[in-house]
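Undergrad: One letter stands for each residue in the lines below.
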Amino acid sequence: MAETALAPLPGRTTRRIRVATSVTIVVAVALAVLIVPPLAQLDQQAVDLSNKLHPPSWAHPFGTDDVGRDLLLRCVYGLRVSLLVGLVAALTATVIGTAIGALAGSFGGWPDRVVMRIVDTLSSIPHLLLGIFIVAMFRPGVWPVIISVALTHWISTARIVRSEVLSLRSRPFIDAAVSGGASRVRVIVRHLLPGVLPQAGLAAVLMVPHAMWHESALSFLGLGLPAHQASLGNLVQSARGSLLAGDWWPTLFPGLFLIIPTLALAGIAGAWRDRINPRRKSELML
Amino acid sequence: MKPRLPWGPMARMTGRRALFAVPVLLTVTFGVFAVAAASPFDPVKAYAGTAGLTASQENLDQLRANLGVDQPLVTRWWNWLTSALQGDLGDSSVMRQPVSDVIVERMGWSVLLAASAFLIAILLGTALGVLAARRPGGWLDRAVSSAAYTLEAAPSFWLGLLAIWLFALKLDLLPAGGLTDAASETITFGQVASHLVLPAAVLGISQLPWFFLYVRQGVTDALAEDPVRGARARGLSERTVLLGHALRSGMLPMLTLIGSRVPELITGALLIETVFSWPGIAAATVEAATSVDFSLLAALTVLATAAVLLGNLLSDLLYGLADPRVAFDG
Chain A
1 MAETALAPLP GRTTRRIRVA TSVTIVVAVA LAVLIVPPLA QLDQQAVDLS
51 NKLHPPSWAH PFGTDDVGRD LLLRCVYGLR VSLLVGLVAA LTATVIGTAI
101 GALAGSFGGW PDRVVMRIVD TLSSIPHLLL GIFIVAMFRP GVWPVIISVA
151 LTHWISTARI VRSEVLSLRS RPFIDAAVSG GASRVRVIVR HLLPGVLPQA
201 GLAAVLMVPH AMWHESALSF LGLGLPAHQA SLGNLVQSAR GSLLAGDWWP
251 TLFPGLFLII PTLALAGIAG AWRDRINPRR KSELML
Chain B
1 MKPRLPWGPM ARMTGRRALF AVPVLLTVTF GVFAVAAASP FDPVKAYAGT
51 AGLTASQENL DQLRANLGVD QPLVTRWWNW LTSALQGDLG DSSVMRQPVS
101 DVIVERMGWS VLLAASAFLI AILLGTALGV LAARRPGGWL DRAVSSAAYT
151 LEAAPSFWLG LLAIWLFALK LDLLPAGGLT DAASETITFG QVASHLVLPA
201 AVLGISQLPW FFLYVRQGVT DALAEDPVRG ARARGLSERT VLLGHALRSG
251 MLPMLTLIGS RVPELITGAL LIETVFSWPG IAAATVEAAT SVDFSLLAAL
301 TVLATAAVLL GNLLSDLLYG LADPRVAFDG
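So the sequence lines, in the order shown, correspond to chains A and B.
Everything in the first sequence is counted per the numbering used here, starting at 1 for the first residue and increasing by one.
Everything in the second sequence is counted per the numbering used here, starting at 1 for the first residue and increasing by one.
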């Protein structure tokens with residue numbers, strides 16, 4: 001996405017603060033989605049019509065929704081669902097992309113050309129549209145959403161891994177391994193894959209917010225997770241009625257829960273990229 | 001003397017791309033049919049609807065034969081392809097009219113929305129980009145850049161909903177959605193214009209970060225180059241240097257790459273047209289998906305792919321024109 005290397009660079013201290021903030025947010029998010037659900041005093045599904053559509057207050061910091069559920073708790077649950085879907089989808093996409101990219105790059109020749117043609121073809125369909133098509137054909141649900149995100153997102157990882165493999169392939173240590181009698185599989189697994197893992201890992205971290213965005217967009221369109229599962233997209237979707245009646249809080253907070261972790265993950269990925277690739281300092285990367 | 005355009009190389013590149021587009025589009029159409037065949041989706045049940053629950057097996061088999069669903073995948077794909085090439089894309093079950101009519105009716109509204117959004121993004125992105133590039137690292141630059149990154153992380157449908165809340169409900173300035181007022185029978189220019197403002201602004205602003213960051217980068221780079229140094233040495237005013245020299249070379253890469261933004265534009269339109277009930281082609285895609293209208297969905301997916309390929313071609317042609325060092329090959 002936006003790849004910018006701009007002058008003047010922020011100072012070392014600013015960058016440290018930025019990374020520290022990002023890490024703190026991600027840790028806080030992780031703790032919240034892991035710890036809050038088992039400890040919560042309130043049931044996030046419990047309907048309490050006498051409490052419906054309360055604006056934010058001390059008792060309900062994010063207010064309550066149209067059937068009286070606490071929105072802070074709903075958002076934490078929503079983030080939990082969206083994060084889980086995002087993680088599984090990003091991991092699947094990374095595994096597919098790394099495998100295909102490594103095979104194409106190390107075999108070369110016609111397998112490489114065929115794979116790259118497929119990659120070119122797939123990347124000329126807008127991702128969300130392809131996702132919508134897959135989900136429409138397989139009926140909305142958790143697995144179709146994960147599969148549709150994974151099937152549309154492995155492409156960029158495959159491109160990155162392939163080009164890394166191509167540049168690693170001509171290094172002397174690979175020649176040494178081959179002349180030492182290593183099999184093709186051994187060369188790929190022991191010598192090529194470890195070299196591309198940092199790049200693939202970076203791509204995976206960046207893909208998590210992307211995958212969360214996809215899930216939210218699909219759920220918002222009514223093509224994602226079933227309505228009873230409180231993903232962030234479903235929360236925004238179900239808040240539409242209240243919004244049109246003038247109540248902003250059920251819409252605002254789920255969106256913020258999507259933006260803040262996204263920015264934090266992008267901050268961490270930016271710092272990580274500077275580490276693997278020190279010549280090019282990046283700003284926030286999304 | 002006006003430089004002559006390189007028509008020959010441009011035509012050759014267009015021809016090569018058209019040749020490349022044929023297998024891509026064929027693969028996409030076949031892929032669409034293959035996914036549908038592998039899915040639990042059953043065209044017969046979709047066609048019969050609730051009547052299918054009570055129909056006898058004979059009737060269902062008859063329907064299956066009529067629809068041609070009993071034939072193998074490749075045959076069905078080939079039949080669809082040959083009739084599509086003759087202009088018959090089948091019938092849309094959700095819109096209850098031929099798919100080609102749906103496309104013709106709605107295409108114009110989508111193009112209007114997309115073009116207005118692009119215009120907003122280009123104008124605003126250029127203005128902010130120049131202002132930010134004037135003092136990189138200054139407060140304005142830092143504020144706008146942070147806003148751009150935040151905006152890039154914000155889902156556009158969420159922005160659209162908040163915009164409806166603010167501008168349509170609280171301030172009561174603009175209509176919340178649709179193409180005309182509900183009571184209106186005819187489509188007038190004023191009605192459409194007032195209904196266009198919010199969706200176009202939100203779609204444009206969701207595309208803004210890319211335009212802004214590109215112009216900012218381009219102008220920052222141009223300010224460090226020799227022509228600008230020369231202009232400054234000749235004693236030209238800062239304003240002339242910035243707008244006459246740096247902006248001209250800094251904006252060029254962004255303008256030429258507009259064509260490559262088509263996928264993001266389609267993605268944005270899918271969400272924004274739905275949020276604002278804009279009667280365009282992207283909203284029809286979502287409706288087709290919700291009610292599993294395969295004919296419409298397949299045609300629109302292929303259409304979107306063609307639009308992306310066309311956008312890529314356009315941006316490569318413009319890029320070659322703007323920068324003569326780039327050859328028209330590939």
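Among the hints, a few may not be true.
Stated by the list, open to error - Once the Cα atoms are required to be at most 25 angstroms apart in a straight line, the calculated SDA-like pairs of lysine to any residue come out as: (1) K45/B - P55/A; (2) K52/A - W165/B; (3) K170/B - P55/A; (4) K52/A - A193/B; (5) K170/B - P140/A; (6) K170/B - F138/A; (7) K170/B - V67/A; (8) K45/B - Q71/B; (9) K52/A - A168/B; (10) K170/B - V142/A; (11) K45/B - V142/A; (12) K170/B - N51/A; (13) K45/B - L63/B; (14) K45/B - P140/A; (15) K170/B - T180/B; (16) K170/B - S242/A; (17) K45/B - G68/A; (18) K45/B - D70/B; (19) K45/B - L53/A; (20) K170/B - G241/A; (21) K170/B - V119/A; (22) K45/B - A227/A; (23) K45/B - V292/B; (24) K52/A - L169/B; (25) K170/B - R240/A; (26) K170/B - L140/B; (27) K170/B - G246/A; (28) K45/B - P226/A; (29) K45/B - P23/B; (30) K45/B - M10/B; (31) K45/B - L73/B; (32) K45/B - L25/B; (33) K170/B - S57/A; (34) K52/A - A20/A; (35) K170/B - M116/A.
Calculated directly from the structure, the hints in this document are not laboratory data.
Undergrad: Decide if the proposed pair is consistent with the structure: K52/A and L169/B, CA atoms, cutoff 25 angstroms inclusive.
TA: Answer holds: K52/A to L169/B is near 20 angstroms, not above 25 angstroms.
Undergrad: Within a Cα-Cα threshold of 25 angstroms, do K170/B and P55/A meet the stated pairing?
TA: holds, 16 angstroms
Undergrad: Run the distance test for K45/B versus D70/B: straight-line Cα separation, threshold 25 angstroms.
TA: holds, 13 angstroms
Undergrad: Need the status of pair K45/B, M10/B: alpha-carbon distance at most 25 angstroms?
TA: violated, 49 angstroms
Undergrad: Is it true that the CA of K45/B sits at most 25 angstroms from the CA of L53/A?
TA: violated, 41 angstroms
Undergrad: For the pair supplied as a hint, K170/B and M116/A, confirm whether the alpha-carbon distance does not exceed 25 angstroms.
TA: violated, 51 angstroms
Undergrad: Is K45/B close enough to P55/A, meaning Cα to Cα at most 25 angstroms?
TA: violated, 46 angstroms
Undergrad: Hint check: K170/B vs P140/A, CA-CA at most 25 angstroms. Holds or violated?
TA: violated, 35 angstroms
Undergrad: Quickly compare the C-alpha distance for K45/B and V292/B to 25 angstroms and report which way the hint goes.
TA: Roughly 11 angstroms separates the two Cα atoms, so the pair holds.
Undergrad: If you draw a straight line from the CA of K170/B to the CA of V142/A, is it 25 angstroms or shorter?
TA: violated, 36 angstroms
Undergrad: Starting from K45/B, check that the Cα of A227/A is at most 25 angstroms away, please.
TA: holds, 24 angstroms
Undergrad: Take the C-alpha atoms of K45/B and V142/A, compute the straight-line distance between them, and say whether it is at most 25 angstroms.
TA: Satisfied, since the Cα-Cα distance of roughly 24 angstroms is no more than 25 angstroms.
Hint violations for this structure: numbers 1, 4, 5, 6, 10, 17, 19, 21, 26, 29, 30, 32, 34 and 35, all remaining hints satisfied.
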